[in-house]
Structures are given as C-alpha cells and as structure tokens.
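**Student:** Chains as they are written, first to last, in our numbering: chain B, 1 to 148; chain F, 1001 to 1148; chain U, 2001 to 2518; chain X, 3001 to 3518.
The set of hints was computed from the structure by calculation and includes no laboratory data. Check each hint, because a few of them may be wrong.
Stated by the list, open to error - With a Cα cut of at most 27 Å, we get these calculated BS3-like pairs of lysine-lysine:
no., chain 1, residue 1, chain 2, residue 2
1, F, K1037, X, K3018
2, X, K3018, F, K1030
3, X, K3207, U, K2003
4, U, K2049, U, K2313
5, B, K52, U, K2143
6, U, K2090, X, K3106
7, U, K2003, U, K2438
8, U, K2018, F, K1037
9, B, K37, F, K1034
10, B, K52, B, K116
11, X, K3090, X, K3106
12, U, K2090, U, K2143
13, F, K1116, F, K1093
14, U, K2075, X, K3003
15, U, K2018, B, K34
16, X, K3143, X, K3222
What the hints assert, rightly or not - Here are some of the chain U residues that sit facing chain F, going by a computed Cβ distance under 10 Å:
no., residue
17, M2001
18, A2002
19, R2004
20, E2039
21, K2075
Here the structure is a predicted model, which means the values were calculated and not measured. Glycine included, C-beta positions come from ideal geometry on N, C-alpha and C.
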Amino acid sequence: MVKRIYIREEYCMGCRLCEVHCLVQHSKTKNIIKAYKGEYPKPIPRIIVEEKGYVSFALQCRHCEDAPCLEACITGAMYRDKKTGAVLCDEDKCIGCWMCIMVCPFGVISRNIEGKKIASKCDLCVGEEVPVCVKNCPNEAIVCEEEK
Amino acid sequence: MVKRIYIREEYCMGCRLCEVHCLVQHSKTKNIIKAYKGEYPKPIPRIIVEEKGYVSFALQCRHCEDAPCLEACITGAMYRDKKTGAVLCDEDKCIGCWMCIMVCPFGVISRNIEGKKIASKCDLCVGEEVPVCVKNCPNEAIVCEEEK
Amino acid sequence: MAKRPTPTEFIIERDEGKCIACQVCVRMCSNDAHSYDPETDTVTSDSTKCVGCHFCETICPTGAIIIKRNPSEFKLNANWSAQVIRNITKQAETSGVLLTGMGCDKPYPVYWDHIVLNASQVTNPSIDPLREPMELRTYIGRKPDRIELTAHSPQSTEKNKIPSAMDYRLLTKLSPQLKLETPILFSAMSYGSISLNACISLARAAKEIGTFYNTGEGGLHKDLYEYGAHTIVQVASGRFGVHREYLEAGAAIEIKIGQGAKPGIGGHLPGEKVSEEISQTRMIPVGTDALSPAPHHDIYSIEDLKQLIFALKEATRYSKPVGVKISAVHNVAPIASGIVRAGADFVAIDGLRGGTGAAPTVIRDNVGIPIELAIAAVDNRLREEGIRNQASLIAAGGIRSSSDVIKAIALGADAVYIGTAALVAMGCNLCQRCYTGKCNWGIATQDPYLTKRLNPDIGTRRLVNLLRAWSLEIKEMLGGMGINAIESLRGNREQLRGVGLSDTDLKLLGIKPAGEAW
Amino acid sequence: MAKRPTPTEFIIERDEGKCIACQVCVRMCSNDAHSYDPETDTVTSDSTKCVGCHFCETICPTGAIIIKRNPSEFKLNANWSAQVIRNITKQAETSGVLLTGMGCDKPYPVYWDHIVLNASQVTNPSIDPLREPMELRTYIGRKPDRIELTAHSPQSTEKNKIPSAMDYRLLTKLSPQLKLETPILFSAMSYGSISLNACISLARAAKEIGTFYNTGEGGLHKDLYEYGAHTIVQVASGRFGVHREYLEAGAAIEIKIGQGAKPGIGGHLPGEKVSEEISQTRMIPVGTDALSPAPHHDIYSIEDLKQLIFALKEATRYSKPVGVKISAVHNVAPIASGIVRAGADFVAIDGLRGGTGAAPTVIRDNVGIPIELAIAAVDNRLREEGIRNQASLIAAGGIRSSSDVIKAIALGADAVYIGTAALVAMGCNLCQRCYTGKCNWGIATQDPYLTKRLNPDIGTRRLVNLLRAWSLEIKEMLGGMGINAIESLRGNREQLRGVGLSDTDLKLLGIKPAGEAW
C-alpha cells in the first residue's frame, strides 16, 4: 500500500519546522547547524508551508497515481519506486529542464540551482520509517497514513 | 496655528536623549543601533543641547516669523511650509553654501558634510504627530505648544 | 521620569553559534519578541517583549534560545523587593489596579509540604497494587443517613442457605451520584477563558479516564454536548449560557459562588474575546463584555441559595447532583454547613492558591485561606454536626501532585479539582499573562492563529497520561499504607503527620505531629 | 593590606552590540561610573563606583546596560555573610559608625505577609465598587465621647411630620479634623533631606487627591505655603523653621518625638547641604550643620509634652489638630496612652521598617518593633482604657502596597503614612545612599544639577496615580468583604486571619489563625 502524507490544516501552526527538518534530512551532513551554515550547495526543503491569514498548511509531492511529471520527464529521471509507490527523481539523470515543474498541478517541485541544476521534490524520506516532516511536526498536524 | 517647541530649561537634565532620538528620526533606517553603527553618511541631530555649569537647554530652529535664512538662501532651498509655518530645507536644492548658517541668529543650522554638503536643521519631525525630541524627553523639559 | 521603559522581566539569550536563522521563533512568538533582519540574515530578540512563556525555547530546533530572568538587581532588601518596586512603579505610571493570571505566587506556607504519610511496617501488611486490586472509584453526591433493606423472599427453597446480597432489596432511595474512576476532576475553566481546543481536550480526557470536567461560566459549546455525561455545568452570577438544554446536558450542576483566586470578586471577559462562537455559547452579543457580578444578585443568604439549588433540581427532575462552589474564606466551615443544609449534593471549596484567567493581583495574593485548613475545618464541622454524609467535598486550589491529592483525601476531601495542573499538562508554563489573550501555547486565547497550536488529540493524550500517572502513584501510596481502597483513606487523618507546624496548625488540621503514635 | 580597594557591590553589564556610545549614561551618573574614550569611541564603566540606583539602566536608549549585584562570593556561611565581612572591613579601615539611608532591609518577619483577608460568600453579598458607592473618606482628629443633639423647633407646623436630620442641632463641640479622601498620607520628609521639587510633588499630589503631606523638620519653603491646607507641619527637637506663620500655614501640627528608622536618635543635616534656600527655610546660617537633638530638651515627661501640645493649640487658637509622632518601641502602647491623655488629636507610630535620609545602620536595623505589632498593641490599649476615640492612629513604616494599607486599618489604624513608597513612585530604587546627597533621581539631593531631574509635574502625576491605584484596589478588597465604607473595617480584626504565625504572634496581633471561623 502506498503511504501518503496528509496535512491536518486546522492544527498547522505555520512554524515551518517541517521545512527545517526536511532541509536537514536532504543535506549532505544531516547536521542541522552545518546544513544551514556550512553546506554548499545550500540544501533546500522539499516541503513548503503555505500561509494566508491565520490559515497555513504544509504541502509536498502527492505522489500522484497518474503523475504528470513522470510523463513530462524527458530523461527518465523521474520514476516510480516499485515498493513504496513514491515518485522519485534520480538526480544523476536529471538535467534541470524543469518540465516536471511546469506540469506539476500542485507546484510542489522546486528548482535546485545552487549546485548542479536539478528538480527537488519530496521522496517520502527514503530509508526513514516515518518521513521527518511527520516525525518532527510539534503539533502532529502532518500525518502519514495508508492511502484512504 | 504654528506649533513651537519650547524648552523648560529648569527641567533640562542635559542627558541629550533629544539629540539621540533626533538623529535616529533623521536617519535612513530609523533603527537606533544601525543609525549609530552602520549608516553612511552618518546622520546628525538637528537639536543641540547647550550646557554651562548646571544649566542646560536644548535648542533648535525657532522657525522665525521673519527668518533671515529664508532671505539668505541663494537657491531657494530654504522655504516656509504653508500649512505648519515651519521653515524647511529642500535638500535637493541645497548646495551647501552655508549662507543660512551665517545669518542664523540662534546658531541652530548645522553643516552636514558627510554625504552631499547640505544644511541640516529642525523640520519639526515632518509626518510625526509630536516631534521626537518632545516625545522622548524623559523629564518633559521639551514641550510643543501653539505659539504663545 | 515620565514613563520608564517597560521593565525587562526576562532576558532572551540566543546562542549565535546555534541559531540557524530559521525564524521559527519569529513566526511563533505572539509578543513579537523575535525579529528577522533580511539585510544581515540574522534573527535578533527584544527581551522587553518576552513574557517568559518559554514557547520559543521549547520549539527552537537547535536549542539556540535560553530564557533567563533578568537579573537587573536592586540593592538587597528583604522588605522592598524588586517586585514591590516594580509594582509601585507600574501603578505610578498607570493609576490602575494591577492585573494578573493564574494563582497566588506568594510564599505563604504550603501545608501539604509539612505533612507526611504513613506506611505499613510489620504489624500490618502493605499491598502491592500491581498484584492486588486497588480501588480508586469515588462517588460524588449525597449519601443516605441510613440504609434500609428488605430480605427478598428467597428464590430457592433450600434450607440453611447462607443469604447472599441478592436476597436483599434496597428500600432507601439513593440520591444521584457522579461516578469517578479516580478522585480527580478538572476544575471550572470556561470556554472564553480558555480555547475550545483546550475545552475539548479536557472533555475527552475526562471521558477516557472516567471522570468529569467543568464548564465554568462559559456555557456549553455545541461541539461539547457529546461529552455531556462527563460534564459538570456551572451556573454562575452572570448566568451566561444557562438554558434548559445546557442543564440537561450535564451530569451534574455546580452553582458558583466564589473562586479561590478572587473571593468576593466577579469576572470579566473583555468584549474583544467575545467572538461569534463565544457569543452563541454564552448567549450575549458579539463583542460585548461578559461581566459576572461579584454576588449572585438573587442570592444574599443561605435561604436564597436553597431556592436556586432546588430550582435547578426541579428543572432537571432530581436526576443529577447539584453542588455549590465557594472560595475558602475565614468562615468557610459554617458557610459550607449552611450550603449542605440548603440541599447541595456536593460542596467544592477553592483555596487561596486557586488559579484564574485574570484577577487583581492584590486580591489574588491576599484574600482567602489555604485549602488545607479549609478542608480540615469543613470536614470537622460537618462531622460535628452529623451531616458529613449529606454532601461530598471537592477540594481545589493549587493541587500540584498525587501526594497533594492523597493528603487532601486523608484530610477529609472526597475528591479534588485540578485546574493549573491540567493547564501545565497541556503546555502552560505559568507566565501569568492569561489576561492578555496572547497565550503562545494556544490555551488561554481565542486568537485563531494561536488556538490551533493546541491539537486536542495531543491535549487529551497528555491529560490522560497525567491522570493515569497520578492514579498509579496514589495506588502505590495507598498500598504502602496497607489500604486497598481510597474510601478507606477518606478523612483518615491518622495516616498524616505534621512536620514543622505550630501547635495551632496541628490542631486546626486535626493531625498529630510526626513522632507521635496513634 | 592597609586599605582594600572599595568593595564592588554592583556590576555594570554593558552589551557592546547595543551600546551606541551616545554617552547619556556618562552625563547622567553622579557617581562617575561611566566614561567615554574618544580615542576608541567607546563607553566603559567602573563598577566600583556604581551604587545600584539603576538610573543609567532606565535611561539608556538602547537597553544596553544591566545592573547586577556583584556575586563575589565567600564560602557559604549562614552567620558570617558577605555583608558582615564587608561591614567589619569598612570599620577596620575608617573607625566610623556605618551610615545608611532608607528603612531596615533585614529579613525580620513582615507580618503583613502572614495575614490574609476575608471575602463574602453566600451569607452576605459582596459589593462591586464600580457599580455602587464606596467610601474611603477618613477623618483624623479627636472624636467626642458622646454626641448631644437638640431637636430644632420644627420649621413647619405640620402634624405627624417625620423628623429629618435638619430638625436636629448638634450641641457637642467637635474637635478640629483633617478630612482625607483616602486613608493614606505622605510621611514627614523634610526639605533638605529631599529636594524642593520632591516636596512640591508631594504637596501637589496631596492637594489633588485630597490628603496631606508632612514637612518633616525642614520648615516650610515659601513656594509651599500655597499648599498649606494640605500640609501637616512638624515641630521637632531642633525647632528648625518653626514660627508663627509656619504653624498657621499647616492644616495640622505634628510634634515629632521619634522616627522608626532611628528611635532615640536625633537628626543631622550636614552643613554642605544648607544652601541659601534651606538656610532661610530652616532659619539657620548657610553652611552650618542642622543638628536635631535626640530628645526635645524641654520634654522629659508626658506632662512636658502636654505643655507643648497645648502651647501649639493655644498658638493656633484650637483651630487644628495637634498630633505626636513616635517610633514603635517596646512600650509603645502605654506611651501612646500617655500621649492621648496629654491631649494629642492623633498619634503617628513609625515602625521598625520606617525610612530615613540617614541613620547609623546598626540603629536602623536593630532598634524598635515592627509596625504591625505596634498598631495592635496601641489600638488594644486605647480601647481597654476607653480612650480610643480621643485620638486617631496613623501607622507608618514600610507600607508597600494597598494590601498593607487595608490590613493596617483592619488591625486598628485610622490611616497610614507612606514615605518610601512615595519616593519609589517618584523614581527611587532604594540604593540607600540618600546620605551622600548624590541621588541620581533628583530626590534626596540639593545639588542643582541633580534636583532638576525631578520635574514636579511628573512627580505629582506619578504620586497621584499611585494613590488612585491603591484606592481602587482598597475599594475592590472592601467590596469583596461586602463592606462599603473604610470606617466599617477600622479595627475589624475578624476580617483578618494569620497564616504561619505562632500562637503568641496571633495573640499579640489579636487575630485568629486561618481555618478558624468567627
């Protein structure tokens, strides 16, 4: 079964700790202080908190069943992991053409341009039992559940 | 009615906080620490505290009814604001000839020479309800009243 | 000096080596104590704005923030403390009554801390609560003066049958009771003084544990009706939110006469907190101040109170207990006696250290008596008058731990209310600024940006954890005394001994000094 | 070591990131603790010069300065504290009496902090002072033993007319009274010990609030005559500034026998403070020491005191109350009784914690008794002797808050004097260096560079604010008790209960312990 990350928007405080921990998780050192103060290229988070007034929610790749980015990718960098069903980006193959970004209906793929140009997106924290955004949300506003 | 700033000299402690706040008000950032530590040209106060023995008082442009600086100004930079009756210096027009300084009977116009040379004087804190020297005097020794 | 700069009570210490300028603190502080300067890509703090709630310190992902008390120190003086000087300074500037939140913070003696518990040695066996059953179940309500039974006609015709409980029928009509699985209830905290998420957390936790929460004078929000079986609905001097469905929804009704934090004083929810939802729940227009008068304007005597008690009993067809909450004042014992005689099924007594959302500091810190003395006085008085069984006694006001609970029960209480302890479980760090409505923990606020910080799933879990932990500890202490039911400890003051108390204290508490045997 | 460097009592912490070198601190410190180095454009501080007045910390525009106590710590010792060691060291170097300012700072018990107040619950209604009238008005002066009235010949000839107050005429001749709108007066603080601006602030605030200030033994500066109707003029052992116009200017006269900070000790205004203006006001040559003897050299007995009381009454044609101020000493009750019998219209009693401009530290901290015990003792004694009505009782000495005021009145005082609290309202932070004449706040100084720091417009406003705030709080507390006039609380010790007091304390204070009903 594919696990999905859901946001319980009524409890998202807008603190953006999910962004912080996502960035650290996807840094080279995985050390929060080095990730922010020492790394080049500067890592970027793959989850984005949207805010309007007092409403806020965290958003990241939905790992769509019928994912437009998979079709749009011209190098085959974007692929679906067989085991987890997650849509992943093979950074070695990615050439930074941004086609995926243009077709993504949720706007959750980012340009990562500090080093080699690549598309940056949620990978459900490959290798972690629970994605770090879920684990570190102080208000349990981000949950990881089997697809409903 | 023209508002004038008056000094109640018997309560002027000589702390010079009026100078500090005047400087900050006329700085670019209006941030006290940046105004003192980071700005170029370094802003200067438009109010000056005079001291002799234990007598001290703050002095700034009296916005004279018959202002010699208005007549002395060769570029027309010095002008009287119609609404408030304040004598103001248009810094774009001012060429720093210092004629105004020479004719001022109170000696309350200063040379500002760190950037473009201009004459620097009290503008009654354009846009503020109460001039900052009045608002920030810890002993209420500076008051702003309709002309008596 | 005309107006001094705001005295800085706390210092925000930021470890620049650890700060990653992620701005979580900037986003989260409702007092705007932190700010980000994009020019320098640094976060700086303005300590004068810090209230000491420790939210930023708690949430900072690198532990870069430490909140310290500002040591700004005057000359050492046992009488003119920094706080006295600051209070006078503030009043010289504002001419106003000093306001505060939470309970009395002055160092009056805490009698709990001068009472020790007994345990079994040799002459009676202690009990291991993990192996043997241990009963904390408590019933709140009027107990009959005597029980009348009739022997059933035995169903079987066997001779010499030993009669069992089944063979008897209860003739006495029992009064309605609240059944508590642990002798701890959540104190009255109104929707308005705390957020709906906080109310929901309390309600769910009460349901899960098998106890009760109390609405305070805030009415019952529509989302809370489902927890009615675990709700004590309050009727106070403003009568806000009181209507038929409200009374019927609750498992019990409490008439609030007074509260420990501000005896003799009314309440005031400022209009800016009266949102659409609160307006509907309290039945007052949006944006109007909710003023609870100091007295009930229809209760000037015990006789008046009796009328209200029975009006409420009538309205609910004598189906639920009706109690009265008072603050512990000098005459608490005779007043409680009057209340019991007026027909109350329980009396809740709130002591000097009881909390509040807002009170004049001078009232909070100087009016009323400590709850320990009040429990002893009331229990004594009711026993002397032979009416102790006619009502249950709920003690409140600064209960901080399971040992406070067990000592309160041994002194004579049937159960305790906890308010501040429940708030702490939900996150509160007692910065005492509840009255500002800017609670960073999402508890004492109605600001939708702040209230969502309290996820009621988490709130419920934490409250349930707290009550489970205390209940376990109470069982351990009971077991140590060789007692297997909290009922057997109630009013059993022989299990208590005083340490460091005067003779008068011991006499009033009705306990012996440590060192004296039974 | 022949002479040690001055011990550093405080540490000046300067945050270099915030210091903008504006030099406000440099200009303002009368102790020259800060200095500017133009070479490096930085301000540095010499902590050894800091007295802990916190003026620089308060005025610094960027909050760059924090004043801390120097933690310089000796080996922990409950008996030989750092202060004891420093005092001995100082005396080993100077061979002098240790001097200090303000009141006793030693941790003798403060009984106010062991007394709680009552509030109404059920059996009597509390009162909301915002909705109902609440009377704080207080009259100071001798009250008649009994009132005689005659019925007026009714103006109308109507039959069965119900007589109104207008139909009666008072036959009893009433003694002169001071009318206070709130039961708080400003204590004696002389022009000389404090600046004229401070005196003007007190006088104006007294006028605005409707109460009184007290000249102390400093005479009446010509600028203060206009506040005569709100002035109590003092006659003390030095008789400085006493003349006919002075006596006539005041609303009441106070004979000063003693003061709480230095019972049994005289006063001493050093010659350097005797400026032209002070010389004229005190009627002594410029630059001479103003020495007030310890005793009045013409008062060695109650009979002598009686002569002075009546001399002053004669001099003012019995038109104003004449009172006597004593410090609270062991025999305060019989002494007060003697004073009342000698004809005093009020007795002011100044307790152990009362302040001063200068006193030997050893006297200040060791002589006299706490005011709480003195009030109770004097009130008891006067009641027992049936002469309580013959004089009003003004309590003084360390009243810090509205709760101290209300407790003093419930114990038996008619009103209280506040001195230190008034100084704090004007800016004082109790650095206790009044005797140096270098008060940075412009209060306890005659240096024209410093006195102008206290703008009397601001001083007046702050004092008025303080009295308004306290009056409001007193009304709230009274209302909570269900009492609508301060007169009904006076000597009403049932409204008080002791917490953490010994049986003897309770007996002497004449109050019951918390937990005991009426």
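**Student:** Can you give the numbers of the hints that this structure goes against, from lowest to highest?
**Tutor:** The structure conflicts with hints 4, 5, 10, 12, 16, 21, although it agrees with all the remaining ones.
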